[in-house]
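Student: So the chains spell out like this:
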Amino acid sequence: MEFSYFIYQLIIGLSHSMLLFLIASGLTIIFGLLNIPNFAHGSLYMLGAYFTYYFLHSLPGLSFGLALVFSVLAVGIIGAILEFIPLRKIYERSHALQLLMTFSFILMIDDATKYFAGTDFLSIAIPKLMDGSFTLPGDREMPVYSIFIIACGLVVAYLLWLGLYKTRLGKLVQAGTANKEMLSALGINVPRLFTLVFILGSVLAGLGGGLAGPLKAVSVGMGETVIITIFAIVIVGGVGSLKGAFIASILVGELNTFGVVFFPSFAMAFTYILVIAVLLTKPEGLFRIK
Amino acid sequence: MAKKQITRREFVKVVGSGALVAGAATFGVPTLLRAANKPIKFGQLNTTSGIMASQGVPGMRGAQIAQDIINQAGGIMGRKLELVQEDDQVKPSVGVRKFRKLVLEDKVDFVFGTNSSGVGLACVPLANEFKKIFISTSMSDKYTGANCSPYVFRIGESTSMASKASAYCMVANEPGIKKWAGINPDYVFGHESWDFFKKGMQEKKHQVQIVKESFSPFGCQDYKPYITALLESKAEGVFTSLWTGDLINFIKQAKPFGFFDKVKAFVNNTTSFATAIGLGNEMVPFWGEARYYPFYRDTEINRKYVSMYQKKFGGYPGADVGAECFASVVALKLAIEKAGTTDTAKVIAALEGLEFEVPEGKKWIRPEDHSGIDEVVLLGKFHHDPKYPFWVYDPKTYFTVPGKEIAMPLSQTGCKMAKP
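Protein chains in written order, with the working numbering: chain C, -6 to 283; chain Y, 403 to 822.
Treat the hints as calculated values from the structure; they're not laboratory data. Hints are supplied without guarantee of correctness; some may be wrong.
[As the list claims (entries may be wrong)] Cross-link-like lysine-lysine pairs, in silico, PhoX-like; alpha carbons within 25 Å at most: (1) K482(Y) / K509(Y); (2) K121(C) / K664(Y); (3) K107(C) / K714(Y); (4) K580(Y) / K607(Y); (5) K482(Y) / K107(C); (6) K783(Y) / K580(Y).
Bound-form chain C, shown alone:
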């Protein structure tokens, strides 16, 4: 295989990885601190795409960037409502019950979306500025939008790292992920911290959805198509670990890309072989927060 083709596919894979990371980072922070396996995370991702479409079409002339910001805020508000009203009541209950509740969120959000937006596919165009490609050696095209997604992923990863390791709030989140009881014993307002983190996680899912919008048919159910992969990433990376989610997203995105290109018949298996391998050798994931 040509080396330049290898590099080309590496970058293509990375653009998928970074989209996965945006969504997975939100889920892993929520799962880590709140200890809730939020199956509705995919629905928040879907809402990100729907809101972006809605703002672009109801406010003509709005730039894609601003539509994305509004959309992310809207998803954040919905996240806040979900956390504040129902979820908060079941933190101490079993995972089975939590799973059931977040699963019911999926159905509710899907039905509400169908009610307000209908079931037709909606399409968000790639913003004009990024609608093109560079030609690379070997007459291969690299879409500008793919590079933009990689850039977004890296910037968000950096900001999250700053927030988590360099701010008081971030340190509280880390401490809470490791030991919740200690946090409240120290007089920290834990419920408020939980709400903030749930909003942050929702915002990240919404951002992923908004950015994925131009690459997908915006439709009810698009959340369910990603959620399993996202959970796989969170498990492989280690629940609650941002670094883990980052590395695992890259592994899953690249395994999928190289699998499809070089071993097409087995491409789908690679992600799950990775999950099984990690579960067998490091059941807590690659970077579990102790």
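Put chain Y on the given structure of chain C with help from the hints.
Tutor: Coordinates of chain Y only, in the frame set by chain C:
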């Protein structure tokens, strides 16, 4: 000698065929009126949740329009038509459960529908077990193949018809293209489509070189590796049986790679028009096929279907499954009237050989294998037309193959129809 007993089925039959007087004498008028007014129930399975909801919801709507037309005109033999619609979630296990529910709890007289052959084929054993007529609106040739059943019908075009017509169209319109590749969904429909496309090329004695065969998972989110691998193969023509959501994702992701400039012909064998509506102005000029295309025929029934759809739901009836569900309801209605009863065996006999007109044209149900055969299979190349908010076929490019010509010959279906 055993005394002749009247079973409930016979009772309904008697009442249905209009022998009211005899019934009235035996059972008394009030009971009788209730039975005569009892609606005829059609059970429907389509996908109204999840990623394929955009295909199933129009299926439900198509059937509702047929129901409205029929009930406004006095129902079926004076009885109202009642639809019982269920979401199969595009999952075979759910489809099977809902089929049971329709038969056992809702006590429907007939069942029709499904968007995916994966679901529809899973329902075939139940149709046989319950001895209920099941009309499929999904496309597999298997409904009418070696495992064909007296209870099972496929209302319209099959995978083989749509895929072979796509090949014929390419041979006629793009004879210079020799290097072909395929990107198809990795389940029965995708594999069959690709095989029949290649077979269609062979039948026309068109020599081609297959440079890449790829199969992507249903609901695939990232098509970029498939796209780059197809481009790397230097294919000049690409055939696909990805449908709607998947096809939209593929096209949106392929466009930035200059895919539609580098590949000379891109042809799709299913749901093309719904894809065009979904993509709006982001559409690309590819060759498409759809079981129903609203602008091809200017017939009264087609105009009525489109205008009722617009009035009741807004927009265009883009999803071809909607027209197939409409056709299923119409076929059952006509067959019941022809048989003069809802008795399964008699309605089967009436469906066999039935000819009728629906929005997509005239249909004929081939008696030997229960395959619905359309007047023509239609393809066209999409172009921008300022009259519509989405792309439509360029009428200059219409390509048709008569259904009877492209239908699988009976000698090849492997179907040996049993008696009901």
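Student: Of the numbered hints stated earlier in the document, which are not met by this structure?
Tutor: 5
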